[in-house]
Structures are given as structure tokens and as C-alpha cells.
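Participant: What follows is the residue order along each chain.
There are 2 protein chains.
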Amino acid sequence: MANDVLNRIASELRKAPEVALFSHISPDGDCLGSMLALGLALEKLGKRVFLYNPDTVPHNLDFLPGASQVINVLPEQLPQTLCFVDCTDLRRVNLELSQLPENAVILNVDHHISNQNFGTLNCVESTASASGEIVMALIQELGVPLDQEIATNLYTAIITDTGSFQYSNTKPKTHRLAADLMESGIDLLSIHHRIFDQKSLAQVELLRRGLSQLKLYSDGQLAVITLRKEDFEEIGAAEGLSEGVINNARSIEGVEVAVLFKEIEPQKIRIGFRSNLWFNVNELAARFGGGGHKRAAGCSMEVSLEEASQSVIKAIEEELRIGRSH
Amino acid sequence: MANDVLNRIASELRKAPEVALFSHISPDGDCLGSMLALGLALEKLGKRVFLYNPDTVPHNLDFLPGASQVINVLPEQLPQTLCFVDCTDLRRVNLELSQLPENAVILNVDHHISNQNFGTLNCVESTASASGEIVMALIQELGVPLDQEIATNLYTAIITDTGSFQYSNTKPKTHRLAADLMESGIDLLSIHHRIFDQKSLAQVELLRRGLSQLKLYSDGQLAVITLRKEDFEEIGAAEGLSEGVINNARSIEGVEVAVLFKEIEPQKIRIGFRSNLWFNVNELAARFGGGGHKRAAGCSMEVSLEEASQSVIKAIEEELRIGRSH
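Protein sequence lines, in the order shown, are assigned to chains E and L. Each residue of the first sequence is one higher than the last, beginning at 1 in UniProt numbering. Each residue of the second sequence is one higher than the last, beginning at 1 in UniProt numbering.
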């Protein structure tokens, strides 16, 4: 941890009478949990705190202590001290530099390797599993004890970004921090239920339709699910709701690559890729103008569903034939 | 931890030239991981070790280091020192006392509160999330360092019984042990993939059929899935494969109780219950001659599917009407 920068960020926060905190669009458990934990800590130090997110807090995160204080309209007059949490750049909060007060002190706390270091002080720790890990260190640096409310936010941040300690960003340290957070009296069952268990009926129906026409290729190494425009329309489901469907394809025994084709419009296909152990879907997605990570990536194609399926499946089948030694 | 008993168990193991280890029927990640970890540690101390399980090692656990050495036939001559891991009583290994050598030293290491203390020495720690936690302490007591193979087994034991640190048996200590195990160089991604991600095609088809006739009651607080005899027959799926289906019902927004009816025979219905936050399904199952835990229970009924559904759904609807204050 870059303790030196963290110290300086803490001392900027300590001397500010009021602070505005920012978290990114399409908020998740890490950006909101981290922002709220830091906000609660600053309130304990007697600061006036603004908690800003450009979007509405999603229903499954509205249990987070402090969530009801989140605003999505900027205050008329922003404080001089601004702290951005989990944001790679200002566009992630739909802001431009010109909207911020002149001479504002911009504090940038993040764990994304692609962070643009846009702050006056930048604490970017890409080895942290979640921004929540860095905020936890910052709160301890500020001398604010972890209470149940702060711990609930930080614990949520960590389990969101590690998939409950399953993803490769989980480190021994992540577990030790989780142990400390548990000792602050969080309600484990109810947090996990809110974060991981809440599917809408529309999501369940999308899953059912997806499974109904699941297809396997390459001796079962490739699993493909397709959702057509009418599937979304008939259920009345937004496209984003289909996110979990691809994991059901990925988790089938013997499958290395899973693909979800979503027909947004007749000539606009969005494609999600997941892999399990070795297939680099980031490289694959890049061939179709997309990108992401080794095990999760995506792209968009402006062709028909049939054309998209054909070329993508063919490309994956070829890669699978060359195989792992590649 | 009952350190005194653990010390005495360690000293029995230290003086034995050969040891037989036992794990329970329908083996899971905890009993196998715990047995194999202890077996590997004892081999490092130069012991001859027998690793016994009455059943075959399931496919998703055959990656565990040492799994290929597991036998399911008792050796002609059992050693004098026997260690049972994660077994509440001898019936869990399909054994009777008369099958064991006279004057055998029986070591009993378990975390089930219902353990029958059938051993010469009994280390039963019901606060441990998994038997793997106790075995880890035992291995450290034996002075054997955690290597990658031992750690892989112990880590698998812990994530199996805690659902990757999600269940209420997860304690701060569980996380601290996981941190230590990670430092021994385990392959996190591949373990989680093997333990949690491997569904067979038959399981996926059962899920699809289950979701196709999901029904909600009590304003969406009760979700019911039914699988008929012909569903299992047409897919060629064993009944046990439907285990994950109920979780899809439990995880729907607003659902407190989920029920899965499985028609084994026309007059033999097996029923699974899950609840999320407050409904005591153990009490409910007990009313129908079954049992389990507060959040997961089950029962069997020798009536038609229609009769079973009717009486069980009615009972739950009534409980839900009385509500949480009850």
C-alpha cells in the first residue's frame, strides 16, 4: 500500500470542513460501499459530507448504511475537497474538470490499473481486490474505529469485487481484512442474500429461455446461449438483466468457453464471453472489436444474429482445435 | 479449540507406525479434503497410511491431492490406530464396532454438534466451520508444514462447508486460516471451478424444466418447483442431481421460502425446503416427519404429488400469514 500518499490524503481530509465524495455510474457494491464507508467515517470526524452518484442506488444495494443520503444532483456549491472512489477517470462520474471548483483538492482512491491519475493526490493500488481495501486503510489512518455500519459497507465492497473470495484478485490479505470486518459485527447472511441472491422473476424467465436453446460445440468445450429481441420484449426485461445467464453456460462440466448472443436490434448483436481455465477471451473479443479480461470479455457486432453466431462460433472452434498448447 | 485433546490425538498419531483414516459415505469436500490433508501429513512423518471411504470419490473432487489413493475396500488387516474425520458416528462409514481391531485406538475428529463421541479420544469442535479447520490445527500440532497439496485439501474442505465463506458458520478465524492456506500456493481459480462450477448437462436440463413450472404463492414470498418422475426419467438424471434447483427458487427477489417437490414414485414424494432470512424450515419439516436446519431442511411423504403439494403449501401459506413476529 502506498502509505505515504494515503497519509497525505488522510491529512487533506482531516483539515477539510466539508468533503464531496464521488462514485461511478452503474454503481456496484465496491464503489458505493467504499464511498459510504468513507462518508460515515468523515461524518464521525464532524465533517459535512456530500455523497454523489450520477445514477440511482440499485435496489439490492439500498440496504447499505448511508445509502439513503446518496444524491444524484450535484450540490450548487461543491466543497474545495473532492474525493473520487473506484473511478478510473472523471468520465466515470459523468463530469468534466470544468465543473469542479477552481483549485479544488482532488483525491483519487482506486484499484483499477487503468486509472488515469487525474487527482491532486492519487492512491491507486491495483493489487487491492477492491477499492474497499484501500478505503479501509484510509479510515484506519484517519483513526476512526470500524463500527458495524462502516464494516457492512467495506465488507460488501470486498465480496462484490471478489465474488465472495472466489476470483483471482482475492489475496491472503483480503481474507485478513474480512476477518477484521466480521469482528465489527456485520450480518453476514443478510449481506450475502442482498448481494448475491436477488434475482427478479424476469431474470429467472430469461434464464429459462436461455437454457431452452443452449447449444454445445467442439465436443462440449463451447457452450452457446442466444437471447433474441423478442425474448427481452415478451418478458419486458432490460438487456442488463441477462448478465447471470452466461454463467450457467460456463459452469457446465467440460465447458471451457461460454458465449451469450444478445439481439439488441435486428442488426445489433451484443456478445458476452466467459472462459474457465485457459482460453483467452480478451484476445478473442479484440478480434471482433471488443475487449475485457482473460476470463470475461465482450464485443458488439452490427450484423444479423445468424452472421454473428456463425463467425464467432467458427473462430472459437478453431482456437479450441489448436488448443491449450497454443 | 480443545487443545488438550488435540495434543493427545497428535501424540497417538506420532507413535503409530501405520494409521487408517476414515471419511463418510456420500463424500464431500470437507470429509475428503480433511482426510487427505491429514493422510499427506502423516506420510511426511514416515507413516504407512490407509485412506478409506465407503463410496467412490466424486468426479468433481478427484483433483484433490491424494484422491487416487482412496480405497473403498477395507484392508485385510487394519492398523491399531484409526482416525475418523467428519463422521458423527460409525454408521457414517458403514461400519460396526465389531469390524474394528480389538483394543484399537479410535481417534474422532469432527465439527458436527451431533457427534456421538464414539472414539477413544474425541476432538469435536462444533464452532469450527469445517472439520478441515480442526485438521489444520492437528497438522500444525504434528509439526508438518503446510505445503500446496495439504493446503489445497484443507482449503477445499473449508469452502465446501462455508459455501465460499457465505454461510453463517463462517467466522473471522475461518478467514484467517484461509489466508494462511492461500500463502501455501493453492490454485484458487481451479479449486473454485471444480467445487462450485461443474454442472452436468442433465442438471442444466432439470433446472430448465424446474424453472418452466415455477409457481409463486403468498404474494411472492413462497416459490415452489416440482419435478415429476418423468422429468428424471426422460433426462436420465438421478434424483440427487436436482440439488441446485431449489436455490434458483430461493434466490428470487421477495422469496422467503422455497420448496422443491420431487416425485420419486407415484406415492413417494421427497420435499426440500430452503428459507432466506427468518422462516424456520426445520420446524416446518418436522411437522411432516422430516428435519434439518433452520434455513435448509427436508422430508418425505408417502402420498400423491398433488396431496403433498396441497398440504405443504397450505402449511407454509399459513405460517407466512402469521409472519415474522411469530
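Worth double-checking, as some hints may not be accurate.
Pairs count within a copy or across copies, as identical chains cannot be separated in the list.
[Said to hold, decoys possible] DSSO-like, lysine-lysine: derived pairs with alpha carbons at most 27 Å apart:
#1 K199 <-> K314
#2 K215 <-> K171
#3 K15 <-> K268
#4 K44 <-> K294
#5 K229 <-> K215
#6 K199 <-> K44
#7 K44 <-> K15
#8 K294 <-> K173
#9 K294 <-> K314
#10 K199 <-> K215
#11 K199 <-> K47
#12 K15 <-> K229
#13 K215 <-> K47
#14 K314 <-> K215
#15 K47 <-> K294
#16 K314 <-> K44
#17 K215 <-> K15
Honestly, the hints are just simulated from the structure, not real lab data.
Participant: Need the list of violated hint numbers for this structure, in ascending order.
Facilitator: 2, 3, 4, 6, 11, 12, 13, 15, 16 and 17
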